[in-house]
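J.: Assemble chain B onto chain A, guided by the hints.
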Amino acid sequence: MKHLRIFVWKEFLHIWRDKKTLMIIILLPIIEVLLFGYVLTSDINNVNLGVRDLDNTTWSHQLILKFQSSNYFKINSLYTAPEVEHALQSNQVKVVLEIKPDAERRLQAGETGIIQLLLDASDPNIARTIETYINSITYSYLQKDAMQSSQINIIPVMYYNPELKSVFKSVPGLMAVVLMLICAMMTSVSLAREKETGSMDVLLISPLKPWHIVIGKIIPYIAISFVNILMITGLSYFVFGVPIRGSIILFFLFSALFVICALSFGLFISTVVKTQQIAMMISLAGLMLPTTLLSGLIYPIRNMPGWLQRLSGIFPARWFVEILCHIMLKDSPIHYYLKPAGIILLITLVLLIMSTKRFKLRYD
Amino acid sequence: MRTILIIIRKEFRQIFRSRPMLMVIIAMPIIQLLILSNAADYEIKNLRLAIEDHDHSSTSSELIYDFAYNQWFDIVAFNNDQEANDQLLARNKIEAIIAIPENFEKNINNGYPVDLQIRLDAINGATAQVASSYIISIINKWNENGSDIIRSRFLYNPELNYKNFMVPGILVMLVTVIGIILTALNIVREKETGTQEQINVTPIRKHEYILGKLIPMIIIGMAEFTMGLIIALTIFHVPLLGNVLLLYLYLFFYLIVMCGIGLFISTIAASQQQAVFIAFFVMMIFLFLSGLFAPIASMPDWAKVLTKFIPLSYFIRVMRSIMLKGSTLISLQKELFTLIIMAVITQVIAILNYQKR
Numbered sequence: 001m002k003h004l005r006i007f008v009w010k011e012f013l014h015i016w017r018d019k020k021t022l023m024i025i026i027l028l029p030i031i032e033v034l035l036f037g038y039v040l041t042s043d044i045n046n047v048n049l050g051v052r053d054l055d056n057t058t059w060s061h062q063l064i065l066k067f068q069s070s071n072y073f074k075i076n077s078l079y080t081a082p083e084v085e086h087a088l089q090s091n092q093v094k095v096v097l098e099i100k101p102d103a104e105r106r107l108q109a110g111e112t113g114i115i116q117l118l119l120d121a122s123d124p125n126i127a128r129t130i131e132t133y134i135n136s137i138t139y140s141y142l143q144k145d146a147m148q149s150s151q152i153n154i155i156p157v158m159y160y161n162p163e164l165k166s167v168f169k170s171v172p173g174l175m176a177v178v179l180m181l182i183c184a185m186m187t188s189v190s191l192a193r194e195k196e197t198g199s200m201d202v203l204l205i206s207p208l209k210p211w212h213i214v215i216g217k218i219i220p221y222i223a224i225s226f227v228n229i230l231m232i233t234g235l236s237y238f239v240f241g242v243p244i245r246g247s248i249i250l251f252f253l254f255s256a257l258f259v260i261c262a263l264s265f266g267l268f269i270s271t272v273v274k275t276q277q278i279a280m281m282i283s284l285a286g287l288m289l290p291t292t293l294l295s296g297l298i299y300p301i302r303n304m305p306g307w308l309q310r311l312s313g314i315f316p317a318r319w320f321v322e323i324l325c326h327i328m329l330k331d332s333p334i335h336y337y338l339k340p341a342g343i344i345l346l347i348t349l350v351l352l353i354m355s356t357k358r359f360k361l362r363y364d
Numbered sequence: 001m002r003t004i005l006i007i008i009r010k011e012f013r014q015i016f017r018s019r020p021m022l023m024v025i026i027a028m029p030i031i032q033l034l035i036l037s038n039a040a041d042y043e044i045k046n047l048r049l050a051i052e053d054h055d056h057s058s059t060s061s062e063l064i065y066d067f068a069y070n071q072w073f074d075i076v077a078f079n080n081d082q083e084a085n086d087q088l089l090a091r092n093k094i095e096a097i098i099a100i101p102e103n104f105e106k107n108i109n110n111g112y113p114v115d116l117q118i119r120l121d122a123i124n125g126a127t128a129q130v131a132s133s134y135i136i137s138i139i140n141k142w143n144e145n146g147s148d149i150i151r152s153r154f155l156y157n158p159e160l161n162y163k164n165f166m167v168p169g170i171l172v173m174l175v176t177v178i179g180i181i182l183t184a185l186n187i188v189r190e191k192e193t194g195t196q197e198q199i200n201v202t203p204i205r206k207h208e209y210i211l212g213k214l215i216p217m218i219i220i221g222m223a224e225f226t227m228g229l230i231i232a233l234t235i236f237h238v239p240l241l242g243n244v245l246l247l248y249l250y251l252f253f254y255l256i257v258m259c260g261i262g263l264f265i266s267t268i269a270a271s272q273q274q275a276v277f278i279a280f281f282v283m284m285i286f287l288f289l290s291g292l293f294a295p296i297a298s299m300p301d302w303a304k305v306l307t308k309f310i311p312l313s314y315f316i317r318v319m320r321s322i323m324l325k326g327s328t329l330i331s332l333q334k335e336l337f338t339l340i341i342m343a344v345i346t347q348v349i350a351i352l353n354y355q356k357r
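Protein chains in written order, with the working numbering: chain A, 1 to 364; chain B, 1 to 357.
With the rest of the complex left out, here is chain A:
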């Protein structure tokens, strides 16, 4: 037991001495939460709207005023067709609204195509959302104008995240990314370094048992992960109001399960590789990439093609994110997320069995 304590202390010293890496481990989650909270939104506001008013009557001026007062748009007046073309080409405006001459009379005559929208659809989602906004504003103007009847108002109720903050979805995903980074990548690199520099042999002939070495390597990273979990949830709660609506005990319990799973990944990688560089490449390409992209952190899994959805099922991050969404945001009953929890447990067991087998083979 005393050996183990000394070994853990040595590991802490190693981590403590490498100030640059330590700083990044601490700063990374903070900056990620802030970026996701403040920067990564797809809200529509201050869209540059080009207006080419060929009608130029009180009617068209009032319509334009509606857009001006909506907060969503910034009006840029355009006069000629080449101007419109250039404004769209050079990214000055995202959309151009063209009001045809004699609009009011033609409207009453029941003509179509009185207003022409030219949307820069290089980003299809933004284009579609802008189109919806413009349509809604225009129709509400037309309806007030004509005292037309039969209008359906839509009342959207946004469950779990009423203000559509992107940080809500990101916090579970970020937890997965950061825990993978620390537990899997750092552990595998740290074990690989002992092998590469030959100090692993020194450790093995010391009175330390092999499992002492593994446990000693793991404990400091468990501690760092715990600090990071507290930092991410604390920051997102106090700065962005991301709640933990369900049980906090369950939250930590399942986080611990994921930490163990990530550690077994790190352990497994370290038994396969010989050098730090390869350990890093495998963790980056095989873990960080799928964790960031296939966990639902940025893009929803349901929109992916079938083969990619099945692929994402191999990585525990996806299931962890699902569990956290249930606990943190939906406060669902536990049987809603027993299946993802079971899958993580299964992956962990498989990895642990495989790495203990390989570990023994190499060092006994």
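For the record, the hints were derived by calculation from the structure and aren't laboratory data.
Treat the hints loosely; a few may be bogus.
[What the hints assert, rightly or not] Result set (SDA-like, lysine to any residue): computed pairs, CA atoms no more than 20 Å apart in a straight line:
no. : chain 1 : residue 1 : chain 2 : residue 2
1   : B       : LYS93     : A       : ASN161
2   : A       : LYS20     : B       : MET283
3   : A       : LYS209    : A       : LYS20
4   : B       : LYS141    : A       : ILE154
5   : B       : LYS141    : A       : ILE155
6   : A       : LYS20     : B       : ALA270
All values derive from a computational prediction rather than experimental measurement.
T.: Showing chain B alone in chain A's frame:
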């Protein structure tokens, strides 16, 4: 000149000798491009709906038909049990619930406005927004009674294909990873293994050494980009309306900027592990502020200012404009000047910092 060529030859020999390195250079970008392009999609192909019809009139069924016969929607549940529908939402079985209120038909016929409730799972704000805009566009059609007062034209990407938007940006991401990580790792390894010392005592001049390191990286970056571009054009059918040579002009200066950053990281990192961590950290901030994942226009003002210092944001804009809009040098000259200035500044800082050691 001869010395530089010799160093370049040495670099290429070293890179091609290391199998894992070759894997990183060749296999990783292809995998990344294939996975990321397919993963990055907010577009919902079939939105699963639950419908509550509290009216049961012919008008309400007409509205439901509009949803049922639309390719975007897939009606999964049809009952008036609010709680059961909310549970479906919680278990990710559906994306939205549409509730038609009582007296829907009566009010519409009498000319009163009607409130229609839609309930969405908003944990992912972006998809919730897209989903609600799909639903609203159906209702808008209903409101205007089929007449066509507004005509919309979607320019540059008429099929609203999200891949056309993402793939050019992902190509930028690929050359960024290569430029920064490969350069940083390459030089730090020389430091770590001690071969740096040996080179320092040879008659090789500093500028020869740095050029000899940079030129292979730029060649690899260009090759990488070409490979990605071919995949983008053939597999993903992304259009390339503008001039290819213009793309490469921007790419050249962009790669110089990235190598400069890689060089700088190598001067501050003591080990390969540190270099990778610092590079990972820098790239993450670059990517999030680049406009690749979220539009710059939607960012708060202070973040918009920050994006002006991110080289990625310029190159991504250039790629999208040239490929999708066929933009020419004239409408993108600001981006070119900025990249050239950035190239000069990063190289100068990196080289000054390098000489100190």
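J.: If any of the earlier hints don't hold here, list their numbers in rising order.
T.: The structure breaks only hint 3.
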